[in-house]
Amino acid sequence: MLDRSIVWRRFTRNRLASAGAVVVLILVALAALAPWVAPRDPLYIDMDHKFARPGEAGFVLGADELGRDVLSRLLHAGRVSLAVGLVTAVIAALVGSVLGAVAGFYGGAADTLIMRVVDVLLSMPTIFLLLALSAFLKPTMLTITLIIGLNSWMSVARMVRGQVLSLKEQEFVLAARAAGAGARRLIVRQLMPNAVAPVLVAATLTVATAILLESSLSYLGYGIQPPTASWGNMLNNAQTYVLYAPWVAVYPGAMISLTVLSFNFAGDGLRDALDPRLGP
Amino acid sequence: MRRQDLSRRHFLSGAAALGATLGAVGVRGAGAQAPAAPQRGGQIIVGLSQEPQNFNPVMPTIEAQRGVHMAIYDDLWRIDPKGAFVPNLAAAIPTQANGGISKDGTAFTVKLRPGVQWHDGQPFTAGDVVFTWKTIMNPKVTAFSTVGFDQIADMWTGDDATLKFKLKQPYAPILDILADMFVVPEHVLARSADINKDEFNTRRPVGTGPFKFVEWVSGDHVTLEAHRAYHGPGPYVDRLIFKYVPDLTVLFTQLKTGEIDVTGIQGIPVDLYPEARTLSTIHLYVDPSTSYETIAPNHLLPMFKDKRMRQALYLGMDKKPIVEKIYLGLAPEAESYVPPQSWAYNPKIKGHHRYDPERAKRLLEEIGWKLGPDGIRVKDGARLAFENACTAGNKQREQIQQLLQQQWRQIGVEMKINNKPAAVLFGDFYRMSKFETIVIGMGMGSDPEHSFRLHSRYIPAKGGLGRNSIAYENPEVDRLLDAGVRDLDREKRKKAYFRLQEVLADEVPYLPIYHFVNIRGTRKGIEGFRPNSNMQEYSWNTNEWWIRKA
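If you read the sequences in order, they're chains H and S. Quick note: the first sequence uses the working numbering, first residue 1, plus one each step. Quick note: the second sequence uses the working numbering, first residue 1, plus one each step.
Do not rely on the hints blindly, as some may be mistaken.
Said to hold, decoys possible - Using C-beta positions, here's what the derived DEER-type ranges look like: (1) Val117/H <-> Asp374/S: 58 to 64 Å; (2) Arg191/S <-> Thr112/H: 54 to 60 Å; (3) Val117/H <-> Gly375/S: 46 to 52 Å; (4) Gly427/S <-> Val117/H: 27 to 33 Å; (5) Glu259/S <-> Leu200/H: 35 to 41 Å; (6) Gly58/H <-> Glu507/S: 41 to 47 Å; (7) Lys492/S <-> Leu243/H: 28 to 34 Å; (8) Pro475/S <-> Pro246/H: 54 to 60 Å; (9) Leu129/H <-> Thr257/S: 35 to 41 Å; (10) Gly258/S <-> Pro39/H: 53 to 59 Å; (11) Arg308/S <-> Val117/H: 53 to 59 Å; (12) Thr112/H <-> Thr257/S: 53 to 59 Å; (13) Arg184/H <-> Asp374/S: 14 to 20 Å; (14) Asp247/S <-> Ala132/H: 50 to 56 Å.
I should point out that these hints are in silico values taken from the structure, not numbers from a laboratory. Heads up, the beta-carbon is just placed ideally off N, CA and C, and yes, glycines get one too.
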């Protein structure tokens, strides 16, 4: 692994990546502090202010079709969308790493079994799988996160398996093996540390995909249930009002784009910073 | 054409304020609409948000299909927008006065219109009507519905132009039921090995209606062309095309751009109404429908068995913001399933429901539900909480749910929202009474007979073949529903239905919210379009449609 200070220097030198990271931190902070930062109750319906314009009657970003404060809903929705994204990334990284490492290290039947499962899951169109599952499970934040998470680990598993396959033939691993290291020690101490960089990068990118997937589920009406807001269901509810109340659509749309872009920039920057083949 | 027809609510841009009540909607252009001779030629494209896939009117059907059937087939009579029967294949409407109906109300004689031809040139006879009824009742045929048809003991022909039938017992809605029976040709279908799967259904339908079937390009459109030997007035246009546009917003955009001429079935969503009002290129028609939106509680749950609980919830429901803000003041509040324009509507129940949260709270206290620490009432350790479901993604309903959630919270009731895809919701979940409460729309039709939603013999969860899925049982309601269909005399029927509405207003088996309105649009220049809440569809009079040339 590269020296931490080198990684830090390379990352901070990449302006897009650092900007992405800063935005991500701000978004997470705002979401975490939503109950204290939000000016109003995000669920309070006030039909007299249906579609209040931004700035009107104290609605900073306007009001939605039920007269709820868009800013407060955006902040609270951030909790849901970011939580779905981050938890999914953790699930994908953990499950993907473990299964990928096992498949790559042991090979044979374990490899065949795991990789065929990966093939099968990857060959299913994600959105239909999610729709089918959410028709049977009660859509709560937990189930939706789990469903998306358990659908996002396959590419990580493939990648880790590839890394492990090439690493396990390298001299340092052979040396450790000759020194009598057991399988678990080899995987945990020798192989995984060398595969951490790509996993980290894949995880950041998964956050973005998961937020988008939750949006599409919400967009189709099978996501987080009303009245709880997520950026996806806010955007979904706004679709018919785009023309005469653009603010109800523009803000959640902008938040999704901003978050996804930031995570992607940060992830890209991280990949470059962690790449040992590039100079300091 | 009855151009002076006052019930035609021809809604034009700028004609009325947004909050106008239905009664006030109407007007401009009585002059512009002066009687004019219909002009011939051209084609009209109807946009449908569901795809018609079966053109045999006996088979199970969806609304979109019914719209096409109405253009291809004829029934014995139709019901006009004012609720009067208009002869179609029949030469006259049978009544006791003209001898068409026997004194005891069970034997019917119908004289048929002479000289009617099938699209293939064969003559239409009374035998075709008998064949159609027998096909509907044939257990091997998966007919769309046998409700009402099963009240006919037998049907036979007097001669080629005379139809006779006998009822098992007096059954008042029979004329309405027959208005929805489209006659199919015996000379084509009698030869069929299996009517359920015959080519007739999808590729070769033959009717007597104003338009002949030409082709169905699946996933895209259905083309019909004028039946020149049609018996009635018209048809005036050469071609009628039904185009499938699955998304309602896209459908509306296509009406704006002139890609379609008429919006079919669901029409224009109320969300798009403010924009539609501003367009000078289309005519808007805002018409009452016979359907209403309601909260349906499951009476199998002990909580909802007590009528005071249902009354309390209803008292805690403020319909004003729903009707005025979500439905833009277009839809009238509903007190029961009977729409205000029906002859069976009891005006005394108007205003029976009031929003009175204080009385709701007192009522809940009375039956033992005391406020808990979190503001939700409790009784014997149970919280006053239940789930509510609707079709996921239905925006108006989701808005209603969230509004009710807030209103009911104020009287200490917690409603949790758990929506489902339509296929799951309307499957066993609703039908077999597995829900707690749902938001649902229900139709009455042209006749006030409503047993299949309210009568205890129609509870599917208890083996009944009907749609009383709320599992409501009340002997008095059963008695009134039975009394309502046993007499042909409208005044006597009125008594039963008036009383029924009073009982329902007190019992609150359903919690009605508002009566739907249909918002439909046609491109300017399309004439003869007359929405009709008494027929299932907007396309009941396609023979009268024509295009005004600029």
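Hints and how they fare:
Restraint check, Val117/H to Asp374/S: a C-beta distance of roughly 45 Å breaks the suggested window 58 to 64 Å. Roughly 59 Å separates the CB atoms of Arg191/S and Thr112/H, a value that falls within the hinted 54 to 60 Å. Checked against the hint of 46 to 52 Å, the pair Val117/H and Gly375/S passes, with Cβ atoms roughly 48 Å apart. A beta carbon spacing of about 31 Å between Gly427/S and Val117/H agrees with the range 27 to 33 Å that was offered as a hint.
As the Cβ distance of Glu259/S to Leu200/H is approximately 51 Å, the hint placing it in 35 to 41 Å is violated. In this structure the supplied range 41 to 47 Å holds for Gly58/H paired with Glu507/S, their Cβ-Cβ distance being about 44 Å. For Lys492/S paired with Leu243/H, a C-beta distance near 53 Å fails the hint of 28 to 34 Å. In this structure the supplied range 54 to 60 Å holds for Pro475/S paired with Pro246/H, their Cβ-Cβ distance being about 56 Å.
For Leu129/H paired with Thr257/S, a C-beta distance near 36 Å keeps the hint of 35 to 41 Å intact. Distance hint for Gly258/S and Pro39/H: a CB-CB separation of about 46 Å, inconsistent with the stated range 53 to 59 Å. Separation of Arg308/S from Val117/H is about 56 Å and conforms to the stated range, judged on CB atoms against 53 to 59 Å. Taken as a hint, the range 53 to 59 Å holds for the pair Thr112/H and Thr257/S, whose Cβ atoms sit roughly 56 Å apart.
For the pair Arg184/H and Asp374/S, the beta carbons lie near 49 Å from each other, so the given range of 14 to 20 Å is not met. Checked against the hint of 50 to 56 Å, the C-beta distance between Asp247/S and Ala132/H comes to roughly 22 Å, which is inconsistent with it.
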